[in-house]
Amino acid sequence: MKNTVKKIAATAALFAACLLNAPCKPAGTISFEFIDQQFGDILYALSSFSGISIIGDETVIGKTTFQFSGTSFDDAFDLFLRTNRLYAGKTDRCWTVTKIRTERTEGGMLRIDAFDSTLGSILERLSAETGTAIVFSALPQTAISLHAEAEDLFELVSLAVKPFAGYGAERFGNGISVGQTDRAHSQISGRIPFALRSGNGLYSCDIDGTRASDVFASLCAEEGVSWSNLVKNDSLVSGVHLENVDYETLLETVLVQSGCDTFLDGSIRYFTSAKTQDSSKRARSRSETWTRIETGRLSPAKAAALLSGRFPEAETVPLEDGRAILFKSDAAKTSEAQSFLALAEQSTISEAIKLKYISSSELLKALPPSADKSCVAETGTGNSIFFTGPTEMKERFLSDLAEMDKPRERIRYDMLIIQYDNSRSSKWAAGAELKQTRIGDMTAVSGNFGNLLNLNFDVITLFGYRFSMNLDAALAENRAKVCTDTTLHAVSGETVKFRNTSTYRYRDTALDPETGKPVYTGVTREIVSGIVLEITGRISGDGLVTMTVHASVSKRGADVSSTAGNPPATSEKSIETRLSAKNGEPVILSGLTQNDESLAEGRVPFISRIPLLGLLFRHTDKKSESAEMVIYLVPHISNGPDSPGEKQERLATAFERLVRGKEDSE
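The sequence shown begins at 0 in numbering that gives the first Met the number 0 and counts up by one.
Careful, some of the hints might be misleading.
Under the rule of at most 27 Å between Cα atoms (straight-line distance), these lysine-lysine pairs were calculated in the DSSO-like manner [claimed, not checked]:
#: 1; residue 1: Lys372; residue 2: Lys353
#: 2; residue 1: Lys231; residue 2: Lys372
#: 3; residue 1: Lys581; residue 2: Lys496
#: 4; residue 1: Lys353; residue 2: Lys364
#: 5; residue 1: Lys231; residue 2: Lys327
#: 6; residue 1: Lys480; residue 2: Lys572
#: 7; residue 1: Lys554; residue 2: Lys480
#: 8; residue 1: Lys405; residue 2: Lys355
#: 9; residue 1: Lys480; residue 2: Lys496
#: 10; residue 1: Lys62; residue 2: Lys89
#: 11; residue 1: Lys496; residue 2: Lys372
#: 12; residue 1: Lys554; residue 2: Lys496
#: 13; residue 1: Lys372; residue 2: Lys355
#: 14; residue 1: Lys327; residue 2: Lys372
Treat the hints as calculated values from the structure; they're not laboratory data. Here the structure is a predicted model, which is why all the values come from computation and not from measurement.
Build the full structure now, drawing on both the sequences and the hints.
Here it is, written out as structure tokens:
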């Protein structure tokens with residue numbers, strides 16, 4: 000609707016511009032000026048001016064330029080038609096403009112006048128005028144002009160088709176058919192007739208650039224048999240020149256050139272793709288013949304799959320429409336193949352097989368070579384399938400399935416995330432202390448593992464007692480904090496995600512234009528901060544665990560939403576790496592640091608404001624805090640859940656290594 004309105008407005012503006020730009024003429028003079036405008040727009044302007052419905056049919060397309068100045072609209076319209084080689088059919092209700100005019104003369108002749116029209120448009124107009132069916136498919140789009148009259152419609156159609164080489168018209172029943180002639184179709188499709196001469200049982204021929212299927216058709220016609228082409232790609236036969244050869248030599252030469260093979264079954268000759276293109280091998284394999292074998296209850300595809308597995312050196316071609324296959328081999332193997340198929344048909348069974356670990360859809364995506372899709376069907380449960388085939392085939396399939404239907408290896412990730420705080424502070428203050436000194440106050444060193452024995456992560460066994468003592472001391476002095484101590488399980492090749500985050504929600508505010516005070520808008524924003532860890536591990540054949548690790552640590556800044564009206568700032572540190580580790584080998588990821596600085600000042604009221612003396616009654620604390628997040632990750636290849644006593648066993652191992660080893664050394 001919008002396009003129609005725009006078109007009407009543009010045409011009206013065009014017509015108005017033509018009238019306004021025209022020079023002043025005496026009363027009763029009309030002027031038109033259209034420069035490079037669409038035919039439809041010009042006809043609409045003329046129709047609006049005259050008040051007569053003027054339309055153009057499908058042949059009136061394109062742009063034109065037209066100028067007129069005179070006193071008669073009829074003169075202007077006739078000049079417009081002559082200038083653009085158009086015709087008009089006028090009635091009391093409408094004028095129709097066209098490039099093709101058909102009419103009956105007084106003598107009963109059929110006349111057609113057409114300017115710059117396509118052959119298809121001319122044929123459609125002749126069919127509509129006479130009521131005769133004219134059928135055609137793809138025709139040339141070259142525009143022609145035709146002015147002729149004839150008593151018979153077929154003469155006009157033949158005359159219209161005459162300029163196009165390779166096209167002709169012919170009668171069929173009460174209609175006319177227009178299309179390519181047989182000779183033209185042969186040239187376009189690459190079918191070049193070749194001379195096949197025979198005499199005294201010998202043949203001579205010249206073949207160059209002819210389709211193999213056309214040569215097969217001519218040879219089988221000469222032999223007097225029917226033929227069936229089982230070759231998917233129709234190749235070209237070139238460079239064959241034979242003189243006075245027998246039919247077998249001629250046929251073998253054509254087969255070598257086209258890369259095909261053939262055999263005769265009764266009165267039907269079959270053509271198939273050759274398994275080898277070597278002429279010497281083809282000569283040695285002439286003892287092998289094609290044989291048609293009925294498959295009975297077995298489908299041709301299933302029978303072909305069975306024989307291909309049993310006789311890999313033989314050629315098999317399934318015939319889906321005949322419940323049979325074509326088998327090429329020597330007589331002994333052909334007889335064995337027939338017996339094998341007969342036995343397979345008798346021993347064909349259908350049985351439901353329950354899958355243990357994989358789903359039926361996963362199995363169908365990667366079927367073993369011992370079965371094809373025609374033998375296996377889903378039951379709909381997702382964990383079982385129907386198998387239909389011979390007993391021997393079923394046994395091979397179950398053997399292959401046993402190698403596939405196994406539980407996927409699992410990976411257990413022992414993970415410990417520690418936050419180390421490295422804070423520095425400087426404090427200036429005046430003070431004094433009196434105490435009695437004691438022996439041993441100079442230094443004191445103690446170590447224990449009390450803080451580590453409560454962890455699920457086996458720090459002592461993995462990193463030794465020195466690292467464990469330092470970590471325990473850091474935990475006791477609050478220089479380190481355990482953020483995460485957990486165990487993750489995942490299937491090999493899958494991704495496991497760990498999130499330890501906090502979500503803060505803030506409502507947006509906006510200033511009230513009347514009061515100038517902030518008011519809530521109802522929009523809520525979320526800020527997520529914390530630890531996010533993603534691990535994708537895969538177990539390789541040599542027992543290594545290849546991992547892709549993505550870790551990120553985010554932190555929320557100071558909450559200034561109540562004062563500034565904006566959510567607090569956030570910071571994020573992330574690391575992504577790909578590495579390999581042995582079973583039980585620890586991996587350490589570090590470098591995720593956060594730095595903060597703070598300044599605090601304390602005063603004694605009133606006295607601290609006295610110049611110089613006040614310095615003794617105030618103190619300043621400046622702190623520089625640096626927190627580093629370190630991730631300790633240990634992958635373990637696991638095919639089952641952890642045993643209940645696994646943790647106790649690890650602790651006992653640490654005790655034996657640390658305590659008993661120390662006693663033995665003493």
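Hint-by-hint comparison with the structure:
1. Under the criterion of a C-alpha separation no larger than 27 Å, the hint pairing Lys372 with Lys353 is consistent with the structure, at around 17 Å.
2. Taking the CA atoms of Lys231 and Lys372, the gap is near 22 Å; set against the 27 Å cutoff, the hint holds.
3. Of the pairs offered as hints, the one joining Lys581 and Lys496 holds, with about 21 Å between alpha carbons and a cut-off of 27 Å not exceeded.
4. For a cut-off of 27 Å, the pair hint linking Lys353 to Lys364 stands: about 17 Å separates their Cα positions.
5. Between Lys231 and Lys327, the direct Cα distance comes to roughly 18 Å. Compliance with the 27 Å bound is thereby established for this hinted pair.
6. This hinted pair checks out: Lys480 and Lys572 have alpha carbons roughly 18 Å apart, not beyond 27 Å.
7. As the CA atoms of Lys554 and Lys480 are separated by approximately 16 Å, the hinted pair is consistent with the 27 Å bound.
8. Of the pairs offered as hints, the one joining Lys405 and Lys355 holds, with about 7 Å between alpha carbons and a cut-off of 27 Å not exceeded.
9. Distance check on the hinted pair: Lys480 and Lys496 sit about 22 Å apart at the alpha-carbon level, within 27 Å; holds.
10. Of the pairs offered as hints, the one joining Lys62 and Lys89 holds, with about 23 Å between alpha carbons and a cut-off of 27 Å not exceeded.
11. Distance restraint check for Lys496 and Lys372: the Cα-Cα separation of roughly 37 Å exceeds the 27 Å cut-off, and the hinted pair is therefore not satisfied.
12. Note on Lys554 and Lys496: the hinted pairing holds, with a Cα-Cα distance of about 19 Å set against a maximum of 27 Å.
13. Distance hint between Lys372 and Lys355 is fulfilled; the C-alpha atoms sit about 20 Å from each other, no more than 27 Å.
14. Distance check on the hinted pair: Lys327 and Lys372 sit about 24 Å apart at the alpha-carbon level, within 27 Å; holds.
The structure shown violates just one earlier hint, number 11.
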